[in-house]
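Can you make the complete structure from the sequences, with help from the hints?
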Amino acid sequence: MEQPVVSFKAPRWWQRWWWRALIAVGVVVLLFFGYVAILVSRNPPDISKYRDRFTSSGMGARVAVDLSILIRDGDPTLGLENAPVTIVEFGDFECPYCREAYPVIRTLAAEFGNRVRVIYRHFPVPEIHEQAVAAAEASMCANEQGKFWPYHDRLFQNQPRFDKDSLQQYAMQVGLDIEKFNTCFNSRQYKGIVERDMRDGKALGVRGTPTWFINGRKEEGAIPEDKFRDYINDLLK
Numbered sequence: 000m001e002q003p004v005v006s007f008k009a010p011r012w013w014q015r016w017w018w019r020a021l022i023a024v025g026v027v028v029l030l031f032f033g034y035v036a037i038l039v040s041r042n043p044p045d046i047s048k049y050r051d052r053f054t055s056s057g058m059g060a061r062v063a064v065d066l067s068i069l070i071r072d073g074d075p076t077l078g079l080e081n082a083p084v085t086i087v088e089f090g091d092f093e094c095p096y097c098r099e100a101y102p103v104i105r106t107l108a109a110e111f112g113n114r115v116r117v118i119y120r121h122f123p124v125p126e127i128h129e130q131a132v133a134a135a136e137a138s139m140c141a142n143e144q145g146k147f148w149p150y151h152d153r154l155f156q157n158q159p160r161f162d163k164d165s166l167q168q169y170a171m172q173v174g175l176d177i178e179k180f181n182t183c184f185n186s187r188q189y190k191g192i193v194e195r196d197m198r199d200g201k202a203l204g205v206r207g208t209p210t211w212f213i214n215g216r217k218e219e220g221a222i223p224e225d226k227f228r229d230y231i232n233d234l235l236k
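So the sequence shown is numbered by numbering that gives the first Met the number 0: it starts at 0 and just counts up by one.
Do not rely on the hints blindly, as some may be mistaken.
Claimed, not checked - The list that follows gives simulated cross-link-like pairs (lysine-lysine, PhoX-like), each with its CA atoms no further than 20 angstroms apart:
#1 201 - 236
#2 201 - 179
#3 146 - 190
#4 179 - 163
#5 190 - 201
#6 217 - 201
#7 190 - 163
#8 190 - 179
#9 236 - 226
As the list claims (entries may be wrong) - Computed beta-carbon distance windows for the label pairs:
#10 188 - 229: 34 to 42 angstroms
#11 106 - 202: 24 to 32 angstroms
#12 72 - 182: 16 to 24 angstroms
#13 149 - 79: 17 to 25 angstroms
#14 102 - 81: 20 to 28 angstroms
#15 214 - 105: 14 to 22 angstroms
#16 81 - 105: 15 to 23 angstroms
#17 181 - 129: 15 to 23 angstroms
#18 125 - 174: 27 to 35 angstroms
Hints were generated in silico from the structure; no laboratory data involved.
Ideal placement from N, C-alpha and C gives every residue a C-beta, glycine not left out.
Shown next as structure tokens:
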């Protein structure tokens, strides 16, 4: 009996190369994700997602950061100059997100001690916070007497009551020489310093408050305490 003849067609060229291409793509994908995993393990946690907890000044696009003007002589400071982590905050005493952030930064400064330095710089947004400039100038009068941080805390605790009588009351509450404070405040002795901070902030790309420079890296918004702590711990490794 004659057997049927079974014919086999040779695969077309694109069929021969299909599986090879698929394997090559798979290898590239695996290498890519492996590289990403390495980068994530080497970099601090992402804290950029808190930028919605941020009072914008409406200044628009960011600009390149000039770190030479990030820290100025006489800036209110907690911690040692040689601390391995330096946190510079540009803040506004009337900003609700700065108020949310202030106990976090005070807690972390106390917790990490000499391993963290905190520097405060002024960035009042008078277009929406009418008394923020006055509060900033008053805080520098307190700084003159070595009481910036207690006065800083009192301002946030009483936000937004920053009329002249209230600012004087806070000065007495933190133990300032009230005569010296009044002379300083009434003469607007630190008007130029606050304006310089605002110019520096704009030059550094600050768009609103709070804005942080953590070892030179800019972040925006009120960062939750646990996330901020993780970020600092990662930098200290």
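Verification of the hints:
no.: 1; hint: 201 - 236; in the structure: 32 angstroms, violated
no.: 2; hint: 201 - 179; in the structure: 32 angstroms, violated
no.: 3; hint: 146 - 190; in the structure: 18 angstroms, holds
no.: 4; hint: 179 - 163; in the structure: 15 angstroms, holds
no.: 5; hint: 190 - 201; in the structure: 17 angstroms, holds
no.: 6; hint: 217 - 201; in the structure: 13 angstroms, holds
no.: 7; hint: 190 - 163; in the structure: 15 angstroms, holds
no.: 8; hint: 190 - 179; in the structure: 16 angstroms, holds
no.: 9; hint: 236 - 226; in the structure: 16 angstroms, holds
no.: 10; hint: 188 - 229: 34 to 42 angstroms; in the structure: 40 angstroms, holds
no.: 11; hint: 106 - 202: 24 to 32 angstroms; in the structure: 30 angstroms, holds
no.: 12; hint: 72 - 182: 16 to 24 angstroms; in the structure: 23 angstroms, holds
no.: 13; hint: 149 - 79: 17 to 25 angstroms; in the structure: 20 angstroms, holds
no.: 14; hint: 102 - 81: 20 to 28 angstroms; in the structure: 26 angstroms, holds
no.: 15; hint: 214 - 105: 14 to 22 angstroms; in the structure: 19 angstroms, holds
no.: 16; hint: 81 - 105: 15 to 23 angstroms; in the structure: 21 angstroms, holds
no.: 17; hint: 181 - 129: 15 to 23 angstroms; in the structure: 21 angstroms, holds
no.: 18; hint: 125 - 174: 27 to 35 angstroms; in the structure: 29 angstroms, holds
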